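Work out the full structure, taking the sequences as your base and the hints as a guide.
Start counting the sequence shown at 1; every next residue gets the next number (full-length UniProt numbering).
Wrong hints could be hidden among the right ones.
[What the hints assert, rightly or not] Just the calculated beta-carbon pair ranges, DEER-fashion:
| # | residue 1 | residue 2 | range |
| --- | --- | --- | --- |
| 1 | P1 | D48 | 34 to 44 Å |
| 2 | P1 | C92 | 36 to 46 Å |
| 3 | W60 | A6 | 13 to 23 Å |
| 4 | Y3 | M81 | 17 to 27 Å |
| 5 | P1 | I58 | 16 to 26 Å |
| 6 | G34 | I58 | 20 to 30 Å |
Source of the hints: derived by calculation from the structure; they are not laboratory data.
In this text the structure is predicted, and so the values were computed from the model without any measurement.
We put the CB at the ideal spot given by N, CA and C, even for glycine.
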Amino acid sequence: PSYTRAQAMQLALKTLREGAGEEAFVMACSCPIGAAVGWVDGIRISADTNDQWASFPIPWDQTNAPGARNAVRNSIARQAMHRRWFLNNPDCLMLRGRAGGGLSDAEAARRSRKRQRGVP
Numbered sequence: 001p002s003y004t005r006a007q008a009m010q011l012a013l014k015t016l017r018e019g020a021g022e023e024a025f026v027m028a029c030s031c032p033i034g035a036a037v038g039w040v041d042g043i044r045i046s047a048d049t050n051d052q053w054a055s056f057p058i059p060w061d062q063t064n065a066p067g068a069r070n071a072v073r074n075s076i077a078r079q080a081m082h083r084r085w086f087l088n089n090p091d092c093l094m095l096r097g098r099a100g101g102g103l104s105d106a107e108a109a110r111r112s113r114k115r116q117r118g119v120p
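The structure is reproduced here in structure tokens:
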């Protein structure tokens, strides 16, 4: 049979879910969110991060480029999905013991983590 990419992804997730069984916790990472609804228990919802607020610019991808700013932004934007479609997994916790991260960086990350009560 012929499948669109979305249909193929849903078939793959359905097969994975059925193979793992309902008692298994299926975590998706870098998966299209729409295809995952109903087939996974949790999904990584944030961008990759690094030790900078906004890392190197990627002209064609301003929202998923590695950096704390995008990780926080994506976590907040997808907060409404938590416990409705799956458990949100914001993926990382940034701890910094040196100078360099301004208070606004730390405060934004703290607020995001406080709001995200997803996968432990």
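Here is what the structure says about each hint:
Checked against the hint of 34 to 44 Å, the C-beta distance between P1 and D48 comes to roughly 35 Å, which is consistent with it. Checked against the given bound of 36 to 46 Å, the beta carbons of P1 and C92, roughly 39 Å apart, stay inside it. Taken as a hint, the range 13 to 23 Å holds for the pair W60 and A6, whose Cβ atoms sit roughly 22 Å apart. In this structure, Y3 and M81 meet the distance hint of 17 to 27 Å, their C-beta atoms being roughly 25 Å apart.
Taking 16 to 26 Å as the suggested C-beta distance range, the pair P1 and I58 does not conform, at roughly 36 Å. G34 and I58 have their C-beta atoms about 23 Å apart, which keeps the hinted 20 to 30 Å range intact.
In summary, the structure is inconsistent with hint 5 from the numbered list given earlier, while agreeing with all the others.
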